[in-house]
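Enquirer: First to last, the sequence lines map onto chains A and B.
Going by the working numbering, the first sequence opens with residue 206, and the numbers climb by one from there.
Going by the working numbering, the second sequence opens with residue 1049, and the numbers climb by one from there.
These aren't lab readings, by the way, just hints derived from the structure by calculation.
Predicted model only: the values in this text are computed from it and were never measured.
Treat the hints with care, since some could be wrong.
Straight-line C-alpha distance at most 20 Å; calculated EDC-like pairs for lysine to aspartate or glutamate [stated by the list, open to error]:
hint	chain 1	residue 1	chain 2	residue 2
1	B	Lys1292	B	Asp1319
2	A	Lys314	B	Glu1222
3	A	Lys314	B	Asp1461
4	A	Lys314	B	Glu1363
5	A	Lys314	B	Asp1319
6	A	Lys314	B	Glu1502
7	A	Lys314	B	Glu1383
8	A	Lys314	B	Glu1376
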Amino acid sequence: MSTSRALRIAVADDEPDMRDYFRVMLPRLGHLVVAVASNGRELVEASEKHELDLIIADVRMPELDGDAAVKAICSARPIPFILVSAYSKPNSLDVCEDVEHAYLTKPVKREDLEEAISLLYPVST
Amino acid sequence: MSSELLDRFRDLQAYVGWSDEDAARIESAAPVIQAHLAELVDDFHEEIQQHTGTLRVVAGGLAQIERMKASLGAWLGDSLRGQADALYVERRWQIGLRHAELGLNSAFMNAAMARLRNGVAGLLARHGHYGLEPYQGMIQSFNKLLDLDLAIMHDAYEHEYLRREKMAEHERGETKFRKLVEAAACLVVIVDSEGAIVYYSPYSERLTGYKAREVLGKRFVDLFVAEAARGEVDQAMTTTLAGKPADSYEVPILHRDGRRLWFVWNAQRLDDFEGRLAVLGVGQDVTQQREALERSLRSERLAGIGQMITGIAHESRNALQRIQSCTEMLELEMEGNTEARRLLRRLQAAQDNLLRLFDEVRGFAAPIQLETALCHINFAWREAWNLLENVRRDRQASLHEDVGNTNLQIPIDRFQMTQVFRNLLENSLAACQDPVVVEVVCQDAHLHAGPALEIRIRDNGPGLSPAVRQSVFEPFFTTKTKGTGLGMPIARRIVEAHGGQIAVGNGTLAAGAEFIITLPRKPA
């Protein structure tokens, strides 16, 4: 399963290794990483500056958690998002259920990322 | 006995003032009485025949009455001779004894003696031709003679009566004890000084699965005690035999089907059990309480492990994520380097194993939430068997079901029970050589006094050694080279969450392994 077009993506993770990973891997999957944030607050700021198709954010981050940041962003403008969590059951998260979204449990592999993106942006036939 | 009796008789003679003069009077009157003895005897027995109380015990009919007449005649003849020796006293003793043996009330002896007194007095008055004074002297002497005879008879009667009462009391006590023992919902067993079972209460059969005929004569420890504990139990028996009772001594015993049951024992020495030294043991089945305690301890421990594992899992997932990300990025860097990429794949496999282990441990420690619905449980084991298709591929393995008419519909969480069967069947497939035969046998059972379904899963593998039987449900215990040792503990947690039990059985399929799952028919 793959998506039909290059998506403009903002990523947020407090781990530098993860930020690097998204920077390297997402272009390999055919997408553009337009913003890289290291916490929720930076993500909110980035969403105001860029036109985004997708947000990929870690749940636990300093200053502002990923779920809270996504909620803040989506209250102004709905943007599909993928939340990445170390917990296998993210049911206590406070997110906007009416916006297209997906969860991934760490450790996330390239295939998982690809599949989650294609669920939110399926190939049109 | 005879000399004691004679002494007693002499004492009584002194008490009634028996003298040579009395002996002389009796001797002189003897011919008169002898001449009319038949009259006295007939009169006496006419009286007997008028009393239903006496006739009741004269079971021999007329022939017995004739015998009694003869013995009465002999007794009177004896008395008239006046030779009061040991034999004389012994005969009177026997008469009293006989009355007690026949169950005749002692009042009959008094009444009969009064009848004889009157008879003798009448005979002497009619045929003795004595003056008033000699007649009175004669009557006094006869009264003394008959009083003495009656006293000995009473002595014998009381002696025998008391002996019989004591015996009856003993029997009543024994019956009461036996009823009490037989009604007691515990294991009551008596072993002789060699440890062989000489008594085994009926309820014990329900508790242990063994019939009395299977255990009587066999050594208790050999049959019921696990090998490792036999020395200790033998020692406890020796101490009890030496006179020190065992109080609340806890030791498990083995049920006929191989299950281990916990009993708290009280044991004491019996100095005379049917004439020999023995040990009485009363065992209270505390398996349920103990298992409940173990479950509660386990769940406390698991809650602790659960918290810890959740924390570790979270942190480890972050670390694993970094390893994963770096591995994938490194793989991109290593494009074209076959050897390096091969090593990276091995690294990835090791990382996947680590993740699986974390997931299993977390799954084991996490609280089990059941979604119970009424299901046919055979679907669960069939599904588990199908899920193992990959493992069974290229193997000769078959699953047989023997469920008879048993109702297999039972409230279960089908998904979780499938997991239980999967773990069991996976173990069988790992342990058995081809051709693997797994058998599932169902029957109705009872659990905690309620209706239950018993499912036995047997295989034709090498079976479980005593050490494995002991530890099979312990977390992280495994006989496989690649296994977390959590499959069976998880199975037990799931079964117990259903209010059921899982235990190791004896197995019948060529001595393979057997597990017995018992699930309540009503939701837990």
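Enquirer: What's the verdict on Lys314/A and Glu1383/B, does the C-alpha distance respect the 20 Å limit or exceed it?
Expert: Holds - the C-alpha atoms of Glu1383/B and Lys314/A are around 18 Å apart, at most 20 Å.
Enquirer: Tell me if the straight-line CA distance from Lys314/A to Glu1376/B falls inside 20 Å.
Expert: holds, 8 Å
Enquirer: Run the distance test for Lys314/A versus Asp1319/B: straight-line Cα separation, threshold 20 Å.
Expert: Cα-Cα ~78 Å, so violated.
Enquirer: Take the C-alpha atoms of Lys314/A and Glu1502/B, compute the straight-line distance between them, and say whether it is at most 20 Å.
Expert: violated, 45 Å
Enquirer: Does Lys314/A pair with Glu1363/B here, judged by a C-alpha cut-off of 20 Å?
Expert: holds, 17 Å
Enquirer: Take the C-alpha atoms of Lys1292/B and Asp1319/B, compute the straight-line distance between them, and say whether it is at most 20 Å.
Expert: holds, 13 Å
Enquirer: When you check the alpha-carbon spacing of Lys314/A and Asp1461/B, does it fall within 20 Å?
Expert: violated, 32 Å
Enquirer: Measure nothing beyond the straight line between the CA atoms of Lys314/A and Glu1222/B; if it is 20 Å or shorter, mark the hint as holding.
Expert: violated, 79 Å
Comparing the model with each earlier hint shows violations of hints 2, 3, 5 and 6; every other hint is respected.
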